[in-house]
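Just so you know, the sequences run in chain order R and X.
Per our numbering, residue 31 is the first one in the first sequence, and the count goes up by one each step.
Per our numbering, residue 12 is the first one in the second sequence, and the count goes up by one each step.
Just so you know, not all the hints are guaranteed correct.
[Claimed, not checked] In silico contact screen, one side only, chain X against chain R (beta carbon under 10 Å); selected entries: (1) Leu24; (2) Leu30; (3) Tyr36; (4) Ser37; (5) Tyr38; (6) Gln53; (7) His54; (8) Lys80; (9) Ala103; (10) Asp108; (11) Met109; (12) Gly112.
[Stated by the list, open to error] Computed Cβ-Cβ distance ranges for the label pairs, DEER-style: (13) R:Val44 x X:Ser25: 24 to 30 Å; (14) R:Ala32 x X:Lys69: 18 to 24 Å; (15) R:Thr45 x X:Ser29: 46 to 52 Å; (16) X:Pro66 x R:Leu41: 23 to 29 Å; (17) X:Pro66 x R:Ile42: 44 to 50 Å; (18) X:Glu77 x R:Gly46: 46 to 52 Å.
Since the hints were derived computationally from the structure, they do not count as laboratory data.
Just so you know, even glycine gets a beta-carbon here, dropped at the ideal spot from N, CA and C.
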Amino acid sequence: EAQVTQNPRYLITVTGKKLTVTCSQNMNHEYMSWYRQDPGLGLRQIYYSMNVEVTDKGDVPEGYKVSRKEKRNFPLILESPSPNQTSLYFCASSPRQGHYGYTFGSGTRLTVV
Amino acid sequence: AQSVSQHNHHVILSEAASLELGCNYSYGGTVNLFWYVQYPGQHLQLLLKYFSGDPLVKGIKGFEAEFIKSKFSFNLRKPSVQWSDTAEYFCAVRFNDMRFGAGTRLTVKP
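Let the hints inform the model, and build the full structure from the sequences given.
Below you can see the structure in the form of structure tokens.
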């Protein structure tokens, strides 16, 4: 089944403790992206990647890192999480840019206390 | 940079009522337009998209949307909503990156 897999689905952590949210797609998509969803703000892009070893900042990249060493994986790293990073996170992929829609992962609900 | 505005934050309808959700975008060039739906507790799913051709596009679950270039609009419509349409709806525009509106929450009363 074609899908985007995120892990974990739920995570509660403490301020400053490094964490990684994994994202993997099995559709050989070139383009992958991370969004955070907050009430009243819709989805805001954190980082995106147009292909292996090619990443760039979105609208809200502060406090996040990403890497794209393999085509299928695009992990999101929070080196020192803070409470304002409490949010619902989605990974998404598409074949490439242009008129292609996204396939979304199931989301990761992160709480930083 | 392109941006997307959704006019309604929360819409409440009774079953069988007609639905129209507004969406306007700011980019003046060639755009690719999308509507996504997010059911409670789930991820976003594609309802429909427009990138060229007939400006009236039909999607899944009886939804349709009309692209009006002169108005920079891409409104979502459904003639008769059901309780199961209760969800949040997001309009999005894509040039390189995908930009989403703030979303419209739809509540359908049985």
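Outcome of the hint check:
1. Annotation: interface hint on X:Leu24 violated; nearest CB of chain R at approximately 21 Å, more than 10 Å.
2. Given the 10 Å rule on beta carbons, the hint for X:Leu30 is violated: about 19 Å separates it from the nearest Cβ of chain R.
3. A least Cβ separation of about 13 Å between X:Tyr36 and chain R goes past the 10 Å threshold, and the interface hint is therefore violated.
4. This hint is violated: X:Ser37 has a C-beta 15 Å from the nearest C-beta of chain R, more than the 10 Å allowed.
5. Interface restraint check: X:Tyr38 against chain R, minimum CB-CB distance 14 Å, threshold 10 Å, status violated.
6. For X:Gln53, the shortest C-beta to C-beta distance to chain R is roughly 7 Å, which falls under 10 Å, so the interface hint holds.
7. At about 4 Å, the closest approach between the beta carbon of X:His54 and any beta carbon in chain R falls short of 10 Å, and the interface hint on this residue holds.
8. Because the smallest distance between the Cβ of X:Lys80 and any Cβ of chain R comes to about 16 Å, over 10 Å, the interface hint for this residue is violated.
9. Taking 10 Å as the C-beta cut-off, the interface hint given for X:Ala103 holds, the closest approach to chain R being about 8 Å.
10. Taking 10 Å as the C-beta contact cut-off toward chain R, the hint placing X:Asp108 at the interface holds, the least distance being around 6 Å.
11. The restraint placing X:Met109 at the interface with chain R holds, with a minimum CB-CB distance near 6 Å, inside the 10 Å limit.
12. Taking 10 Å as the C-beta contact cut-off toward chain R, the hint placing X:Gly112 at the interface holds, the least distance being around 6 Å.
13. Evaluation of the 24 to 30 Å hint for R:Val44 and X:Ser25 yields a failure: the beta carbon distance comes to about 46 Å.
14. A hinted range of 18 to 24 Å for the beta carbons of R:Ala32 and X:Lys69 is consistent with their spacing of about 23 Å.
15. Taking 46 to 52 Å as the suggested C-beta distance range, the pair R:Thr45 and X:Ser29 conforms, at roughly 48 Å.
16. Take X:Pro66 and R:Leu41: their Cβ atoms lie about 43 Å apart, and the range 23 to 29 Å is violated.
17. At about 46 Å, the CB distance of X:Pro66 to R:Ile42 agrees with the hint of 44 to 50 Å.
18. The beta-carbon spacing between X:Glu77 and R:Gly46, approximately 50 Å, falls within the hinted interval of 46 to 52 Å.
In this structure, the earlier hints numbered 1, 2, 3, 4, 5, 8, 13, 16 are contradicted, and the remaining ones agree with it.
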